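Protein chains: 2
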Amino acid sequence: MNDKSLSQISLPIENELVRFGEIFKQSLKSKVGLVDLVTRYILKQKGKKIRPLLVLLSSKAAGEVTERSYRGAILVELLHTATLVHDDVVDNAETRRGFPSINAVWKNKIAVLIGDYLLARGLMIAVEGNDFDFLKVITRTVKRMSEGELLQIKKTRSMDNDEKTYFRIIADKTASLLSTCCEIGARAATNDNSEIEAMRNFGENLGIAFQIRDDILDYIGKTNIIGKPLGGDIREKKITLPLIYALKNAGNSESKKIIKIIKNGKTSADVKYVIDFVKDKGGIQYSEKVAEQFASEAISNLKIFKESIYKNSLLDLVEFIVKRKN
Amino acid sequence: MNDKSLSQISLPIENELVRFGEIFKQSLKSKVGLVDLVTRYILKQKGKKIRPLLVLLSSKAAGEVTERSYRGAILVELLHTATLVHDDVVDNAETRRGFPSINAVWKNKIAVLIGDYLLARGLMIAVEGNDFDFLKVITRTVKRMSEGELLQIKKTRSMDNDEKTYFRIIADKTASLLSTCCEIGARAATNDNSEIEAMRNFGENLGIAFQIRDDILDYIGKTNIIGKPLGGDIREKKITLPLIYALKNAGNSESKKIIKIIKNGKTSADVKYVIDFVKDKGGIQYSEKVAEQFASEAISNLKIFKESIYKNSLLDLVEFIVKRKN
Numbered sequence: 222m223n224d225k226s227l228s229q230i231s232l233p234i235e236n237e238l239v240r241f242g243e244i245f246k247q248s249l250k251s252k253v254g255l256v257d258l259v260t261r262y263i264l265k266q267k268g269k270k271i272r273p274l275l276v277l278l279s280s281k282a283a284g285e286v287t288e289r290s291y292r293g294a295i296l297v298e299l300l301h302t303a304t305l306v307h308d309d310v311v312d313n314a315e316t317r318r319g320f321p322s323i324n325a326v327w328k329n330k331i332a333v334l335i336g337d338y339l340l341a342r343g344l345m346i347a348v349e350g351n352d353f354d355f356l357k358v359i360t361r362t363v364k365r366m367s368e369g370e371l372l373q374i375k376k377t378r379s380m381d382n383d384e385k386t387y388f389r390i391i392a393d394k395t396a397s398l399l400s401t402c403c404e405i406g407a408r409a410a411t412n413d414n415s416e417i418e419a420m421r422n423f424g425e426n427l428g429i430a431f432q433i434r435d436d437i438l439d440y441i442g443k444t445n446i447i448g449k450p451l452g453g454d455i456r457e458k459k460i461t462l463p464l465i466y467a468l469k470n471a472g473n474s475e476s477k478k479i480i481k482i483i484k485n486g487k488t489s490a491d492v493k494y495v496i497d498f499v500k501d502k503g504g505i506q507y508s509e510k511v512a513e514q515f516a517s518e519a520i521s522n523l524k525i526f527k528e529s530i531y532k533n534s535l536l537d538l539v540e541f542i543v544k545r546k547n
Numbered sequence: 222m223n224d225k226s227l228s229q230i231s232l233p234i235e236n237e238l239v240r241f242g243e244i245f246k247q248s249l250k251s252k253v254g255l256v257d258l259v260t261r262y263i264l265k266q267k268g269k270k271i272r273p274l275l276v277l278l279s280s281k282a283a284g285e286v287t288e289r290s291y292r293g294a295i296l297v298e299l300l301h302t303a304t305l306v307h308d309d310v311v312d313n314a315e316t317r318r319g320f321p322s323i324n325a326v327w328k329n330k331i332a333v334l335i336g337d338y339l340l341a342r343g344l345m346i347a348v349e350g351n352d353f354d355f356l357k358v359i360t361r362t363v364k365r366m367s368e369g370e371l372l373q374i375k376k377t378r379s380m381d382n383d384e385k386t387y388f389r390i391i392a393d394k395t396a397s398l399l400s401t402c403c404e405i406g407a408r409a410a411t412n413d414n415s416e417i418e419a420m421r422n423f424g425e426n427l428g429i430a431f432q433i434r435d436d437i438l439d440y441i442g443k444t445n446i447i448g449k450p451l452g453g454d455i456r457e458k459k460i461t462l463p464l465i466y467a468l469k470n471a472g473n474s475e476s477k478k479i480i481k482i483i484k485n486g487k488t489s490a491d492v493k494y495v496i497d498f499v500k501d502k503g504g505i506q507y508s509e510k511v512a513e514q515f516a517s518e519a520i521s522n523l524k525i526f527k528e529s530i531y532k533n534s535l536l537d538l539v540e541f542i543v544k545r546k547n
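Protein sequences, first through last, are from chains D and A.
For the first sequence, this note's numbering assigns the number 547 to the last residue and increments by one with no breaks.
For the second sequence, this note's numbering assigns the number 547 to the last residue and increments by one with no breaks.
You may find that some hints are simply not true.
It does not matter which identical chain is meant; a pair holds if it fits inside one copy or across any two.
The list that follows gives simulated cross-link-like pairs (lysine-lysine, PhoX-like), each with its CA atoms no further than 25 Å apart [said to hold, decoys possible]:
no., residue 1, residue 2
1, LYS477, LYS376
2, LYS330, LYS375
3, LYS270, LYS225
4, LYS546, LYS265
5, LYS376, LYS252
6, LYS375, LYS252
7, LYS385, LYS252
8, LYS225, LYS375
9, LYS469, LYS376
10, LYS500, LYS270
11, LYS484, LYS500
12, LYS357, LYS487
13, LYS250, LYS376
14, LYS477, LYS385
15, LYS252, LYS458
No lab work stands behind these hints: they were computed from the structure.
Here the structure is a predicted model, which is why all the values come from computation and not from measurement.
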């Protein structure tokens with residue numbers, strides 16, 4: 222399979238994505254000037270739009286894009302945007318997608334409220350469309366996402382993360398929403414429960430692979446591409462898969478030394494030291510292998526769907542996600 | 222009518238409130254230790270529980286307390302708790318009900334996530350109970366609440382608040398939820414649309430009176446009772462009804478002087494100066510009169526309900542709210 226770019230992957234649903242963009246923009250309008258100002262700022266920062274892409278492709282792979290598919294895509298993108306805005310408060314982030322973050326421009330108070338507003342807007346759209354099944358899925362997802370983030374904070378403080386907890390955290394904080402995208406896309410197109418379940422599992426496995434790749438990129442990515450500095454997780458004392466593996470495969474005294482550097486280190490040299498340690502111990506290759514396993518699992522989840530250009534795009538997306546450089 | 226205490230008002234639904242407390246506690250359980258820790262902390266701070274009280278009394282006044290009434294009460298209390306936790310981030314509050322606030326103890330990041338978690342839990346309970354009508358009401362309410370807060374922030378910055386905008390802000394940020402409590406309580410007990418609408422209007426008018434009273438208490442309350450310092454709004458440059466009225470009835474140069482003090486003043490003497498100015502200009506009496514008008518409106522909204530001890534409690538609650546000292 223040739224590696225495809227995100228725009229090549231999106232090609233079969235190009236028109237649908239344009240329509241999505243229009244409805245999304247419309248859905249952000251507010252009679253409160255400050256809300257409009259902030260949401261226009263958000264709209265300027267074009268993200269990868271992987272979540273709407275997943276909803277629409279899942280609908281196509283399981284049948285057709287329907288009005289419910291669009292509402293589902295708007296719902297997940299609003300929820301995702303809400304969590305990004307809240308995450309920036311959570312992480313004290315100063316930039317997001319290369320732009321100053323909402324909390325950096327307008328302070329925490331506004332970031333918190335805009336996040337709440339976006340979440341409410343998303344849920345309203347599902348409520349008004351009578352998409353009760355979407356609400357069932359999405360409220361559970363919001364719960365999982367906040368629990369995942371909170372568990373990560375706890376583990377960051379105690380600095381004793383292990384693989385099992387790591388997978389629980391990334392499944393809850395990241396994979397839950399990608400899984401929801403695929404499930405909602407399928408629900409909008411079919412009533413077949415085995416297809417809905419297959420799409421949910423596909424999204425969950427894809428999401429885990431996605432987050433592992435994200436955590437790898439923190440060790441090998443480039444600042445100017447991903448818009449966040451290399452080694453950011455180390456600076457925030459987040460212990461992710463590459464480091465968990467490296468620590469497990471180092472001697473006891475070396476491990477203690479690394480943990481001490483992460484705890485107290487502040488310089489770029491400290492960060493570079495940890496990065497080199499992880500690379501030396503094979504933490505990157507191991508994580509890439511694990512990401513590939515989840516990717517394979519995701520691919521096999523799609524077996525029950527008939528061949529189509531849409532299914533192929535989902536398969537290409539899996540490849541894209543585990544190989545992406547940003 | 223004799224003024225009654227909140228516990229006297231609650232008497233007719235004493236047992237229902239106990240049951241509510243048990244279910245509420247249950248609903249906050251989480252498998253994530255940190256979530257449990259924070260929610261146990263929240264449960265220790267017993268608030269006035271006015272919102273569940275409103276839901277349960279509204280159900281009784283319109284029929285009976287049902288399983289749906291309890292779910293509605295849990296939903297609004299979770300939402301209210303979520304907004305309190307987020308508000309403390311928004312306001313950088315250091316205390317809440319006499320306790321250190323969540324953000325003061327656990328920092329903003331956790332406060333934001335716990336708020337999201339509580340909101341998601343509330344919505345999940347409604348989703349699992351198939352209370353689609355509650356979700357319709359509540360998502361609109363979350364949107365109104367965040368818009369109201371954001372409008373208030375904007376007006377606080379520009380310092381040009383007027384009565385019309387003030388009423389819009391307090392209707393959205395405060396009355397919307399009290400209105401929702403009463404509407405949900407009625408919906409849980411009856412299908413009669415005129416009764417549902419009457420309860421919604423009752424809650425909206427009650428909520429506006431409630432917030433005006435809150436804003437009055439900022440000028441005449443006592444720190445040790447309400448757990449927030451006197452003149453807090455002045456320090457935060459929030460221009461509320463007592464001040465709006467006083468400014469309108471002062472000379473141009475005096476108004477400018479007061480605005481300047483609020484903008485730049487930092488000492489207790491500055492705050493006291495503004496409080497005395499508002500009192501001198503009759504800002505307190507005027508606001509009390511306006512609160513009484515909304516209270517009367519609320520009372521007349523209840524006319525269509527048959528006489529009962531529950532309706533009487535709602536009427537007593539109106540009196541309680543406009544006369545409360547904390």
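Outcome of the hint check:
1. LYS477 - LYS376: within (17 Å within a copy, 53 Å between copies)
2. LYS330 - LYS375: both (24 Å within a copy, 12 Å between copies)
3. LYS270 - LYS225: Classified as within; 16 Å inside a copy, 56 Å across copies.
4. LYS546 - LYS265: Within. Shortest intra-copy distance 23 Å satisfies the 25 Å Cα cut-off; inter-copy 48 Å does not.
5. LYS376 - LYS252: between (41 Å within a copy, 15 Å between copies)
6. LYS375 - LYS252: Only across copies: LYS375 and LYS252 sit 13 Å apart there, 39 Å inside one copy, limit 25 Å.
7. LYS385 - LYS252: Answer is between: at 15 Å across copies they meet the 25 Å cutoff, but 46 Å inside does not.
8. LYS225 - LYS375: neither (38 Å within a copy, 46 Å between copies)
9. LYS469 - LYS376: So LYS469 and LYS376 pass the 25 Å test inside one copy only (16 Å; across, 55 Å).
10. LYS500 - LYS270: Answer is neither: 31 Å inside a copy and 55 Å across each miss the 25 Å cutoff.
11. LYS484 - LYS500: within (19 Å within a copy, 55 Å between copies)
12. LYS357 - LYS487: For LYS357 and LYS487, neither the intra-copy (44 Å) nor the inter-copy (49 Å) Cα distance is at most 25 Å.
13. LYS250 - LYS376: between (39 Å within a copy, 20 Å between copies)
14. LYS477 - LYS385: For LYS477 and LYS385, the Cα distance is within 25 Å only inside one copy (21 Å; across copies 63 Å).
15. LYS252 - LYS458: Answer is between; shortest inter-copy Cα gap is 24 Å, intra-copy 41 Å.
Hint compliance for this structure: hints 8, 10 and 12 are not met, and every other hint is.
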